Amino acid sequence: MASAATYKDRQLLAVIGDEDSVTGLLLAGIGHVTEGADAQRNFLVVDAKTETSQIEQAFQNFTQERKDIAVLLINQHIAERIRHSVDTFADPFPAVLEIPSKDHLYDPEKDSVLKRVRRLFGE
Amino acid sequence: MSGAVGREPVFPTRQSLGLMKSKLKGAETGHSLLKRKSEALTKRFREITRRIDEAKRKMGRVMQIAAFSLAEVSYAVGGDIGYQVQESAKQARFRVRAKQENVSGVFLPQFESYTQEGVNDFALTGLGKGGQQIQRCRETYARAVETLVELASLQTAFLILDEVIKVVNRRVNAIEHVIIPRTENTIKYINSELDELDREEFYRLKKVSGKKQRDNAAADAEILAARKKAEAEEAAGAVAAAEPEAAPEAADVLGEQEDNDVIF
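Residue numbers (this note's numbering), protein chains in the order written: chain A, 401 to 523; chain B, 9 to 272.
Among the hints, a few may not be true.
Using C-beta positions, here's what the derived DEER-type ranges look like [to be verified]:
| id | chain 1 | residue 1 | chain 2 | residue 2 | range |
| --- | --- | --- | --- | --- | --- |
| 1 | B | LEU205 | A | LEU520 | 52 to 60 Å |
| 2 | A | LYS510 | B | ARG54 | 17 to 25 Å |
| 3 | B | SER40 | A | ALA439 | 52 to 60 Å |
| 4 | A | GLN457 | B | PHE76 | 49 to 57 Å |
| 5 | A | GLU480 | B | ARG151 | 25 to 33 Å |
| 6 | A | THR488 | B | SER24 | 46 to 54 Å |
Selected chain A positions facing chain B (in silico; Cβ < 7 Å) [what the hints assert, rightly or not]:
| id | residue |
| --- | --- |
| 7 | GLN411 |
| 8 | LEU426 |
| 9 | LEU427 |
| 10 | ALA439 |
| 11 | LEU444 |
| 12 | ALA470 |
| 13 | ILE499 |
| 14 | LYS502 |
Since the hints were derived computationally from the structure, they do not count as laboratory data.
Given the structure is predicted, the values throughout are model-derived calculations rather than measurements.
Note that the Cβ used here is the ideal one computed from N, Cα and C, for glycine as well.
Please construct the entire structure, taking both the sequences and the accompanying hints into account.
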């Protein structure tokens, strides 16, 4: 059961996305860099050259290790690349949200949560 | 089916019968309560699912508009501002705070977005040109993120409710299909055993009383026989007693008793 302690410290949003999405969301003011020697950003820019393992690692970092992230936004076409991790991640916190990107239209069929919704209604 | 669930390992006593009866009552109350809880949660769950579906579609539109305004920015600025933006991001201005909402004993978190005042990492972005577009873009994206946050809280509620409903339904089914039949079986078993004991006891008592009667009859017969014998003995004794009496009389005739004078 989710107790208050698990999410009262979660204040930030994180994003894994292509450059445009990240830029836009940062302009909205979600960017955060932790202070100290091991400064960590809460965003990851993914382009064609980014390795899948790197995305995977960032996803694990945002979902498992960092305890200050409430919502993780991830571009759908990037979520496609690490689909297995996204689908197996079932914890309520942080909420993983697949968002459309400029170049890739949003496809509700691929969304891991909507897939569950459809399965529940037996469609 | 009732044979499959078995019964609880109890001794068939009246005490455990009482225990089982109260357990059955408790299970029935719990079952109806849990069933109602599950219904309330399912209602909420369906509502949330519908809203998620709507919000996901809305998100598609909102993000499209936001992307368009970003395109305007790069046109106005005449270059890529991505790098600059990424480097100047230091402190989150847009944050979320979690609130709790209670739905039939389940705490659903709800994210609420708020902006931290006095934090502006992008004071210099677009200083040269395109400042207005950047400002507009920021507003558009802020609205988009608000939609996203709303969607995120719906999604979190969805995940939690899904889990809770599964647990509650499992309990309802367990009570309905295992605990209640098993308790009923146990009660039936205890009742049959108690009946059996009752019959045994009755038979035993019957036996005991039969034996007692027989003993009594025997004792009566004995007493009767003894009495008869005594009576017979008494009678015989009387005869015997009468005889010896006659003899002394006869002796007396000869002995001490003075005869009446014989008078001629």
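Okay, the hints, checked on the actual structure:
{"no.": "1", "hint": "LEU205(B) to LEU520(A): 52 to 60 Å", "result": "holds, 53 Å"}
{"no.": "2", "hint": "LYS510(A) to ARG54(B): 17 to 25 Å", "result": "holds, 23 Å"}
{"no.": "3", "hint": "SER40(B) to ALA439(A): 52 to 60 Å", "result": "holds, 56 Å"}
{"no.": "4", "hint": "GLN457(A) to PHE76(B): 49 to 57 Å", "result": "violated, 32 Å"}
{"no.": "5", "hint": "GLU480(A) to ARG151(B): 25 to 33 Å", "result": "holds, 26 Å"}
{"no.": "6", "hint": "THR488(A) to SER24(B): 46 to 54 Å", "result": "holds, 48 Å"}
{"no.": "7", "hint": "GLN411", "result": "holds, 5 Å"}
{"no.": "8", "hint": "LEU426", "result": "holds, 5 Å"}
{"no.": "9", "hint": "LEU427", "result": "holds, 5 Å"}
{"no.": "10", "hint": "ALA439", "result": "violated, 10 Å"}
{"no.": "11", "hint": "LEU444", "result": "violated, 10 Å"}
{"no.": "12", "hint": "ALA470", "result": "holds, 5 Å"}
{"no.": "13", "hint": "ILE499", "result": "holds, 6 Å"}
{"no.": "14", "hint": "LYS502", "result": "holds, 4 Å"}
The structure is inconsistent with the numbered hints 4, 10, 11, although it conforms to all the rest.
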